[in-house]
Each structure stands twice: as structure tokens, then as C-alpha cells.
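Protein chains in written order, with this note's numbering: chain F, 1 to 278; chain W, 1 to 353.
Careful, some of the hints might be misleading.
Stated by the list, open to error - Covered, in the sense of this in silico footprint (three residues per stretch, anywhere, with C-beta under 8 Å from a C-beta of chain W), are these stretches of chain F:
1. 5-19
2. 125-132
3. 228-242
What the hints contain is simulated information worked out from the structure, not anything from laboratory work. Note that the structure is a prediction, hence the values are computed from the model and not measured. C-beta atoms are modelled at their ideal positions from N, C-alpha and C, and glycine is treated no differently.
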Amino acid sequence: MSDMNPFVPRPMEIVKVIDEVSSHDILSFFLRPVEGEIVPYLPGQFAALSVFGRGEAPFGYASSPLETGYVRFTIKRTGSLTRELHRLGAGEVIGIRGALGNAFDLERFRGKDLIIVGGGYAFTTLRSLLVYLLAPENRAGVGDISLFYGVRHPGLFLYKAALETWRKRKDLALHLTVDQAADGWHGPVGVVPELVRKVSPSTDNALAVICGPPPMIRFTLPVLETLGVKADDIYISMEMKMKCGLGVCGRCNIGTKFVCSDGPIFTLKTLREVSDDF
Amino acid sequence: MNRLAEHPLQILDAKDLTAFMDALAAGFDLQVPLVAGDATRFGPYRKDAPCDFSQTPPAHPAKTLLLPNPEVLFRYTKDAGGRITLSEDPLDADLRVALGVRACDVRAFEALDAVFLRRGRVDTAYQARRDSLCILGMGCVAPSPLCFCDRMGSHPFDTHGMDALIIPLTGGWVLEALTERGRKVLETAASLLRAASAEEKRQVAALRTKGRERKSGAPVDFEVLAGTVAASYKDPFWETLATRCLGCGICTFVCPVCSCFTLEDTGKTLSGGRQRAWDSCMFPAFTREASGHNPREGMDRRLKQRFFHKFSYSIENGEPPGCVGCGRCVEKCPAAIDIREIVDFFSAEAPDV
Ligand SMILES: Cc1cc2nc3c(=O)[nH]c(=O)nc-3n(C[C@H](O)[C@H](O)[C@H](O)COP(=O)(O)OP(=O)(O)OC[C@H]3O[C@@H](n4cnc5c(N)ncnc54)[C@H](O)[C@@H]3O)c2cc1C
Ligand code: SF4
Ligand code: SF4
Ligand code: FES
Chain F
1 MSDMNPFVPR PMEIVKVIDE VSSHDILSFF LRPVEGEIVP YLPGQFAALS VFGRGEAPFG
61 YASSPLETGY VRFTIKRTGS LTRELHRLGA GEVIGIRGAL GNAFDLERFR GKDLIIVGGG
121 YAFTTLRSLL VYLLAPENRA GVGDISLFYG VRHPGLFLYK AALETWRKRK DLALHLTVDQ
181 AADGWHGPVG VVPELVRKVS PSTDNALAVI CGPPPMIRFT LPVLETLGVK ADDIYISMEM
241 KMKCGLGVCG RCNIGTKFVC SDGPIFTLKT LREVSDDF
Chain W
1 MNRLAEHPLQ ILDAKDLTAF MDALAAGFDL QVPLVAGDAT RFGPYRKDAP CDFSQTPPAH
61 PAKTLLLPNP EVLFRYTKDA GGRITLSEDP LDADLRVALG VRACDVRAFE ALDAVFLRRG
121 RVDTAYQARR DSLCILGMGC VAPSPLCFCD RMGSHPFDTH GMDALIIPLT GGWVLEALTE
181 RGRKVLETAA SLLRAASAEE KRQVAALRTK GRERKSGAPV DFEVLAGTVA ASYKDPFWET
241 LATRCLGCGI CTFVCPVCSC FTLEDTGKTL SGGRQRAWDS CMFPAFTREA SGHNPREGMD
301 RRLKQRFFHK FSYSIENGEP PGCVGCGRCV EKCPAAIDIR EIVDFFSAEA PDV
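Could you put the whole structure together from the sequences, leaning on the hints where they help?
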């Protein structure tokens, strides 16, 4: 096998699978290479996972590069490949191509306060980022962190154990919200953009990061801009249907930029420059 | 000094054409425009398969030589213990000789090179096929009235990117080697060739001049076009065009520059391959996500993607323009959508400077 052919995946063994949500349609897969080392990656990047005979699809790294011995992906069952993946368990072998795409511009995050906004399964990428930034060796590198995260109902929060530890931290302001009121839920009810508006975190020295479904992004952007975050300081993780992940199959471009190879992380400023739809 | 170097213009008499192809096929993997219904398409030369060099250009684009459809990228097998073994087919390294490729298709190869060799990771299968391809191109003595390569920075006798040029005359072919590789390939059939006479040289010169002077319309200024197209995102032009377009994708399949593809697994869980197959930005499923969301659901958006990519994104990204003026989409579109009219519309919109 040559290492040169960019379409050939590397075999990965599933080490462990965990059920993340009450609807049981989002699972985390812990993978380790059948041979060799884990390919280095950074928060914000993604990989294409293969189920041989089924195909390949892109998923953001949910683990942080500081977690060693495995890579983690959190995957929602949606169509043909993800359904097949959900049938697989420990010991089975799938393929990985990656790391693909750019990453968060961690250099620019230095010394900045961060307003982090997430929703849906896109929160996977934010887990990678948060675990990375909250690690003792990195925490001092950035200022205050405010995290906004919303789901439809409380059972759908990903990474509940991590959220519990983050809630206790003094160096992280955690704001969770649910769309529908539910028994045992004492937090706010409503959509994420509303909560951001209500909390109005200071934006004097802040960068914002958004990962979520398109409507959440659309409604959060004006809130952040009204609060005073500049378009160049808002980072958005974009999603488009993908095949190659290498900027060549031609389907994932927004104007002149390919989400798979120039992105998936773009500033709002860049998106406005390349597209009339932002 | 060998004969071809001494006399750059060599003549192959019409009666020796089959012997010439036999001689090349004995030494190389020879690809010729094979008759396929009323079209021609490049494929391996066989004595019993008729070929036809008269279509200008061949109905099927020569990109089939570089991007076979479909193409297996790797194979997998899974054994009883669940172990996965991956393998690749050997790359095409032996010299392949393509006979009769037109200037437009050779120009288009450069646009494909930009995608598959220079966007990021090198596409190894494409590169192997590209490097091993010796192009014996053919000048267009009678260009189709629908093609407009002269407007796109080329002309019917453009030799750019070719290893040799063939100019068909009534009694046979004039052959001119342009590279060392082209010369070596022609040498293998040297016994069938003779130096051109003064009269033949005169004919060739006259054809060349006529070809160079072809003017099917005003030359396109790609920088200007890129700007007006980019500024047209909200122009109702696209919605009007969308009411005519059927979204059939024929334009992209016949286009020598279009190279969008999909990846798909063939076979079952235990063994099979992942293949690349041509796809089209004109199909709604091209960008439809698992959730059902589709950023290019409307036909107008898909048309914009095709033409913005060809004339705006490519130029802005420093890549060759996405149209070489072969005229195939003009001929084949069932809705009579004519890319020349689109080029004219946006070229005319250019601000006067
Ligand atoms: C950068 C990026 C990161 C992502 N991260 C995650 C994640 O962490 N967790 C998660 O659950 N999902 C993630 N997704 C979405 C995930 O890729 C799709 O849910 C998945 O492709 C659906 O595949 P399917 O075969 O089950 O669906 P089908 O509808 O059967 O799709 C067929 C094929 O089309 C392509 N495709 C379809 N929808 C999408 C889509 N939304 N994005 C990209 N390709 C698509 C894939 O190649 C897929 O195999 C991410 C998408 C992108 C672009
Ligand atoms: S061939 Fe014509 S009708 Fe078909 S997709 Fe292309 S432009 Fe539309
Ligand atoms: S866009 Fe049409 S005319 Fe231009 S190269 Fe493609 S098929 Fe030929
Ligand atoms: S997924 Fe192929 S170009 Fe981005």
C-alpha cells in the first residue's frame, strides 16, 4: 500500500462505544490505529470515516489532541453510513482519512476572552476545543470563557459528565438552555441566540466561536454583532455535504473557498467576502 | 541526426494510416477516437474496432483518458477474523499514446492538472496517467461552427501541451514532432513516413494561417468576465435561465474541463472497492445533506455554481478558466442553453474603462 494515494484510509479499531443521549441516536466511538500512531490533529479539524462497503463521511474530532491513546468521534445516526456505523461495536475495524481541514486559529485566541456558542451534534468540535483550552498547560493562554449550549430537551446534551465538571469551574461561565421545558430542568428555556442576548457577555476583548445547525448560526450572528463582536472575530464551523475532503470533488465550496480544505472554520468576514448569502 | 529532426514535417500517406497505427500499437498503449454510435470516444486501438478522426472535436471529451469513469481508487477485503486488507491497482506507468486529441481537450488537461495536481494533495492515479500520456494532437482543419476556442485564448492549430501535431491533408497526414517524447514515438513508424514536399509545406502553412486567423467572435477577457460574473449573484438573469434548464447534467458530462466526482463503494462488506465516478453540480443531490438541507436546491443556484466556477472562482483562485470553447455543451444541451450567449451577456456588461 502506498502512503501517497490520498483516498486510501487507514484501518482503525473501535475500542469502545458509548451512548451519549436519551434518544440513543448519538454514539461516541473511541478508535485506535490497527498499526502505527495516531495522525496528529488539532481542535476544529475533521476526518473521513469509512465503513467498507458503505462509504465514507466526514466527522469532527470530538477528542482533544491532549487525550492520548485514542481518537473520539461522536456520531448521530442520520443516513446510510451512520446507520451502519451504529451497528458496529468494539473490536471491529473501520477506516479513517485525516486529519482534514483547517483548525481553530489558536494563535489568535491567545489572551482573548472567548464566547463559545454551540448546538446539536456540532458540539463535538467544541468539546475538542474546550478540553484543549481548559487543560492546565493551556488555560492561562486565553481569558474568560463563556460557553452557550442549547439542545431541544435536557436528555439531548452531549458529554453530560464533562458539562458537570465544567459547571463547577470558576474559570468558565456555562450557560445551558433547552428549547422545551422539562421535569427536573431548572435552567433557562429558549433558543441559544436569545440566551446569548440575555446574558450579554462582555465583548471588549472577545472572539466568538459558533458551531451548530444553520438556523442557530443565522440567528446568533446578529446577536453577536449587536453585542459588538467584529465579523473578523467571529469563527464559524461550516458544514456542507462532502466526499473527497481534499478540495477536488467540487461539491463543498462557498464561493471560492472549499469548506473541506480551506475550512471548515471560517471567520464571518471571510464568508461575507466569498458569498452573497451571509 | 535522425530523419525526424532533419525534416520536422513528415508525411504519412492516407493508405498507410492503418499500418501506422499498427506500428504505434505494437510499441505503446495506443488510444484513438473509436466510433461509438454516431459519436466518437477515445479507447484502445484494435484492428477490428473502427475509428474516426473526422469529428471536430470528438463527441466525448478526452478527459476520459485521464479520468476513467468509474475508476477504482482502492480495494478492500475483510477476512473471517475481521481483519481489513486494502490494496491498490498498479498505476499506469507505461507510455500511452493518444492519437488525434484536439487543442481544446489538451487545454482542458491543464485545468484538470490545476485540480488534481495543485489544489492540495497530489492525486497519484491521475498523475500517473497524465505523466504517461503522449499526446499526438490534431489540428482542426474544419472546426465545428459551434466551437469557439479562438475566443478562449487558443486556436485550431494550437500545439500547446502536445508532443506532436497532426495536420490532415487530403492525401494523408502531416506529422510534426514537438517534444523529444513525440519524436521517439513517431520514430517507431519512421519507415512509413517521408519528408514533406515544398507544395505540402505550403499547404500546411496556409492551413495554419487560416486557423490562426479564425474569428468566431470577440476574444474573451477573462479578468473582466470574472468581475462581471462575480457581481451577478443577485441578477435575475440566472432565475430566467433556470426556468429553461432541465438540470440533466449533459453539459457537465460532455465538458472536457468539468471534473466533479463522487466516491462510492461497490461490493459488500467482505470485499469490494471504492470508486470515483463522474458527478455533476447540476444535480440537486450533489449537495443535498443527510438532513435534507440543500444549499443549492434551486436550479438557479446550481446554474450559478457551474458558471461562477467556470468564469469567476477559477480565475480568482489563479486556476485556468473553466471553458476552452469546445462547443460540446452548446451542441448537446436539450434546452438550447448556449454558453456563448452567457459569455457575451456578461462580457457586454463590463464597465467601460
Ligand atoms: C466538517 C463536518 C463535520 C461533521 N461532524 C460531525 C460530527 O461530529 N458528528 C456527526 O454526527 N455528524 C457530523 N457531520 C455530519 C455528517 O457528515 C453527516 O451526518 C453524515 O455524512 C451523514 O452520512 P450518512 O451516510 O449517514 O447519510 P446519507 O444521507 O446516507 O449521506 C450519504 C453521503 O453523503 C455525504 N453527506 C451527507 N450529509 C452530509 C453532511 N451533512 N455533511 C457532509 N457530508 C454529508 C456523506 O458522504 C454521506 O456518507 C459533519 C459534517 C461536516 C461537513
Ligand atoms: S445540458 Fe442544458 S438543460 Fe441540461 S443541465 Fe446543462 S444547461 Fe441545463
Ligand atoms: S463549457 Fe461547454 S464549450 Fe466550454 S469547454 Fe465545457 S463543454 Fe466545451
Ligand atoms: S468535499 Fe470534495 S471538494 Fe470539499
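The hints, checked one at a time:
With 6 residues carrying a beta carbon less than 8 Å from a beta carbon of chain W, the region 5-19 of chain F meets the three-residue requirement, and the given coverage holds. Proximity of the region 125-132 of chain F to chain W, defined as three or more residues with a beta carbon under 8 Å from a beta carbon of that chain, is not established by the 0 residues found. A count of 3 residues in the region 228-242 of chain F with a Cβ less than 8 Å from any Cβ of chain W is obtained; the coverage claim is therefore met, three being the minimum.
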